[in-house]
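> Read off the chains here:
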Amino acid sequence: MRLIARYAVELEEVYEIVTVWDEQTDRVRVSKSDPHIETLSHTHPAAIWFERKMHDDFGIVIDGAFDNRPLVHQERFPRGLHPMQKHFTQTAIEPVEYLPYKYETIGGDGVFEVAVGPIHAGIIEPGHFQFSQAGEEMLHQEVRHFYKYRAVEKMLEGKTLADAKAVIERISGNESVAYQIAWRDIALQAAKTELPDANRKYHAMLLELERIIHHLTDLGFIPNDAGFGAALAFCSKLAEEARRQMQRLSGHRFGFGAIGFEETKTDTTQMKLYLDDLEKEMRFFEEWITDIPSLWDRFDTTGMLAHHKALKYDTVGVVARASGMALDRRDNDFYRAHGFVLHTEKSGDVAARFKQRLAEVKNAIVMMRALLMEQTDPVTLNEVHDGDYTAYAESSLGELFMNIIVKDGIIERFFVRDPSFMNWQALHLMMPGNIIADFPLINKSCDLSYAGNDL
Amino acid sequence: MIRFWNKRLKTGTLTEAPEIDTELAALRKSLKDEVKKKFAGSLAIRMVDSGSCNACEAECNALSNPYYDLERLGIYFVASPRHADVMLLSGLMTFNMTPHVLDAYAQMPEPKWVITLGDCPAMLSPFEKNFAVNAPAQNHLPIAHHIPGCPPSPDEIIRGLLAFLKKI
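From first to last, the protein sequence lines are chains C and W.
Heads up, the first sequence is in my numbering, so the first residue is 259 and it goes up one at a time.
Heads up, the second sequence is in my numbering, so the first residue is 276 and it goes up one at a time.
Chain C with its partners taken away, still in its complex shape (with noise of 0.2 Å):
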């Protein structure tokens, strides 16, 4: 089985700790005054951050787990105090002593560690990472996170589901339209509404919009990061098009307050045109890009991560499929009657994703034609029934998990996973073997979401 998530709900007497897997969900009930759960970390090392989490959020002690650090509370943030805990309702926090972070390292003789973060040298949002190194070769890296924990589970609790989009849609710039229509999904099952096709088409587009423009960055920054800057100057020219016409639909160049209830109308001409002229520059694109063999040479083989393991570590999105996991979430009927076709790659290296990113690129032209609605009504909502709702959306990233609890028409417990969350954990298969050199290269090609991580 997949794990997807794994999280604690804090009830009256007790806290109940979910485990979401593919295939069912299981529910165990631990007592509040002497919380102890089994690690599941042995057989799936990505439960290990879910499990860390959940001891910094409600003091739950992790049995048999192979790593205790604290993951989301840092080296300042006061000891003992669980900010998920229903009476914890202080608004600031003052920083205590220091107590230094003991990283994964490698002992032997000549091998040093190289400490990057959290701070990067570009315009990147901020991040660990501490590296063992035999000269330029990495023996292992840690990813350490959660520098822009916002605590925005706590935040949304109380809130309405209407009040809570704004912050919903602002969790990940990058993913914010797969947000909201994870969102919209549980307010349309809290209202027992049903959504009009039309309506979700128009949403389905812009969500393959949105992957456009995060895979264009990335097919632009990829090569950039080998040395190869004019595809990031053709690339982020795609990218800033594909932007704008985001604008054009949407009202933002995000697509904040993008994926709604009101009526839209879409200039479909407009559309098809920038379509055409899309799949044109795409096309020159590969063709141009594919005949470069010095670039092929750092993408082929950098950054492996073999099948097994992704399976193993319970990978989503481009990296599982670049990893030949014929995984996501848009394998459904309503995507395949518009065209969805399920790519996967093989060789799990940089070349793989970037040429999966190039392949979803493609397919995304085409599932935007047949998505196209020129409007759509407006759908009113009923009352909102109180209830335990999960909705799924397949992110640029790639899996998104969403569960919104509704107790007296409030939200009770906000839980997300973000599909970064459970890649940045595979992150460190792919270094051993390649010099720290391709580090940026292979983390490039991964493209995953630290705010989203970290929340």
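It is possible that part of the hints are untrue.
DSS-like, lysine-lysine: derived pairs with alpha carbons at most 27 Å apart [what the hints assert, rightly or not]:
| hint | chain 1 | residue 1 | chain 2 | residue 2 |
| --- | --- | --- | --- | --- |
| 1 | C | Lys290 | C | Lys620 |
| 2 | C | Lys538 | W | Lys282 |
| 3 | C | Lys538 | C | Lys450 |
| 4 | C | Lys495 | C | Lys613 |
| 5 | C | Lys360 | C | Lys450 |
| 6 | C | Lys567 | C | Lys523 |
| 7 | W | Lys387 | W | Lys442 |
| 8 | C | Lys613 | W | Lys282 |
| 9 | W | Lys442 | C | Lys530 |
| 10 | C | Lys567 | C | Lys538 |
| 11 | C | Lys538 | C | Lys570 |
| 12 | C | Lys417 | C | Lys290 |
| 13 | W | Lys285 | C | Lys538 |
| 14 | C | Lys417 | C | Lys344 |
| 15 | C | Lys620 | W | Lys282 |
| 16 | C | Lys604 | C | Lys620 |
| 17 | C | Lys459 | C | Lys538 |
| 18 | C | Lys417 | C | Lys538 |
| 19 | C | Lys417 | W | Lys404 |
| 20 | C | Lys620 | W | Lys404 |
| 21 | C | Lys495 | C | Lys530 |
| 22 | W | Lys441 | W | Lys387 |
| 23 | W | Lys285 | C | Lys530 |
| 24 | C | Lys360 | C | Lys530 |
| 25 | W | Lys282 | C | Lys495 |
| 26 | C | Lys344 | C | Lys290 |
| 27 | C | Lys530 | C | Lys459 |
| 28 | C | Lys523 | C | Lys459 |
| 29 | W | Lys404 | C | Lys665 |
| 30 | C | Lys450 | C | Lys665 |
| 31 | C | Lys495 | W | Lys442 |
| 32 | C | Lys344 | W | Lys404 |
| 33 | C | Lys665 | C | Lys344 |
| 34 | C | Lys495 | C | Lys450 |
| 35 | C | Lys495 | C | Lys620 |
| 36 | C | Lys523 | C | Lys570 |
Keep in mind the hints are simulated off the structure, nothing from the lab.
With chain C's structure known, arrange chain W on it following the hints.
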């Protein structure tokens, strides 16, 4: 490669001369001496994300695309705070990032300025104050200028930077 050069010649220059260019020309003239004196003819920016959604960063990256090409204005992003005149600060100043933002600021040589980018650092975005959020940034750093927006578009960032230059 011949295909690429063909394409390049056919595409020509994309960089837009938006409405601001006339304003820019005038501004440049009046500011020339001052910029030359303060920034040796070029303004070096260190972008620091203190807990944003990454949209502000994406728009700063877009400033380098062929449509905006910010460097033609003598403004460029640098890799280290020690090379910077200005810190462009985005995000909510999270509890976890605050010490690192202050570190980066301490590393910048004098004279130095902080410009806040987007609604988050000014605590004007939909995010609410909680234990993990230390924004507004003005409680921690001297803020010389603010560029509003969620996120500000590349156009608005350019205008914001010019407004800052006018101000100092």
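> Hint by hint, say whether it matches the structure.
Cross-check of the supplied hints:
{"no.": "1", "hint": "Lys290/C / Lys620/C", "verdict": "violated, 51 Å"}
{"no.": "2", "hint": "Lys538/C / Lys282/W", "verdict": "holds, 12 Å"}
{"no.": "3", "hint": "Lys538/C / Lys450/C", "verdict": "violated, 43 Å"}
{"no.": "4", "hint": "Lys495/C / Lys613/C", "verdict": "holds, 19 Å"}
{"no.": "5", "hint": "Lys360/C / Lys450/C", "verdict": "violated, 49 Å"}
{"no.": "6", "hint": "Lys567/C / Lys523/C", "verdict": "violated, 45 Å"}
{"no.": "7", "hint": "Lys387/W / Lys442/W", "verdict": "holds, 14 Å"}
{"no.": "8", "hint": "Lys613/C / Lys282/W", "verdict": "holds, 22 Å"}
{"no.": "9", "hint": "Lys442/W / Lys530/C", "verdict": "violated, 45 Å"}
{"no.": "10", "hint": "Lys567/C / Lys538/C", "verdict": "violated, 37 Å"}
{"no.": "11", "hint": "Lys538/C / Lys570/C", "verdict": "violated, 39 Å"}
{"no.": "12", "hint": "Lys417/C / Lys290/C", "verdict": "holds, 25 Å"}
{"no.": "13", "hint": "Lys285/W / Lys538/C", "verdict": "holds, 14 Å"}
{"no.": "14", "hint": "Lys417/C / Lys344/C", "verdict": "holds, 14 Å"}
{"no.": "15", "hint": "Lys620/C / Lys282/W", "verdict": "holds, 20 Å"}
{"no.": "16", "hint": "Lys604/C / Lys620/C", "verdict": "holds, 19 Å"}
{"no.": "17", "hint": "Lys459/C / Lys538/C", "verdict": "holds, 24 Å"}
{"no.": "18", "hint": "Lys417/C / Lys538/C", "verdict": "violated, 46 Å"}
{"no.": "19", "hint": "Lys417/C / Lys404/W", "verdict": "holds, 14 Å"}
{"no.": "20", "hint": "Lys620/C / Lys404/W", "verdict": "violated, 42 Å"}
{"no.": "21", "hint": "Lys495/C / Lys530/C", "verdict": "holds, 19 Å"}
{"no.": "22", "hint": "Lys441/W / Lys387/W", "verdict": "holds, 16 Å"}
{"no.": "23", "hint": "Lys285/W / Lys530/C", "verdict": "holds, 23 Å"}
{"no.": "24", "hint": "Lys360/C / Lys530/C", "verdict": "violated, 54 Å"}
{"no.": "25", "hint": "Lys282/W / Lys495/C", "verdict": "holds, 13 Å"}
{"no.": "26", "hint": "Lys344/C / Lys290/C", "verdict": "holds, 12 Å"}
{"no.": "27", "hint": "Lys530/C / Lys459/C", "verdict": "holds, 16 Å"}
{"no.": "28", "hint": "Lys523/C / Lys459/C", "verdict": "holds, 13 Å"}
{"no.": "29", "hint": "Lys404/W / Lys665/C", "verdict": "holds, 23 Å"}
{"no.": "30", "hint": "Lys450/C / Lys665/C", "verdict": "holds, 16 Å"}
{"no.": "31", "hint": "Lys495/C / Lys442/W", "verdict": "violated, 32 Å"}
{"no.": "32", "hint": "Lys344/C / Lys404/W", "verdict": "holds, 17 Å"}
{"no.": "33", "hint": "Lys665/C / Lys344/C", "verdict": "holds, 14 Å"}
{"no.": "34", "hint": "Lys495/C / Lys450/C", "verdict": "violated, 43 Å"}
{"no.": "35", "hint": "Lys495/C / Lys620/C", "verdict": "holds, 17 Å"}
{"no.": "36", "hint": "Lys523/C / Lys570/C", "verdict": "violated, 45 Å"}
The structure fails hints 1, 3, 5, 6, 9, 10, 11, 18, 20, 24, 31, 34, 36 (numbered hints given earlier, in ascending order).
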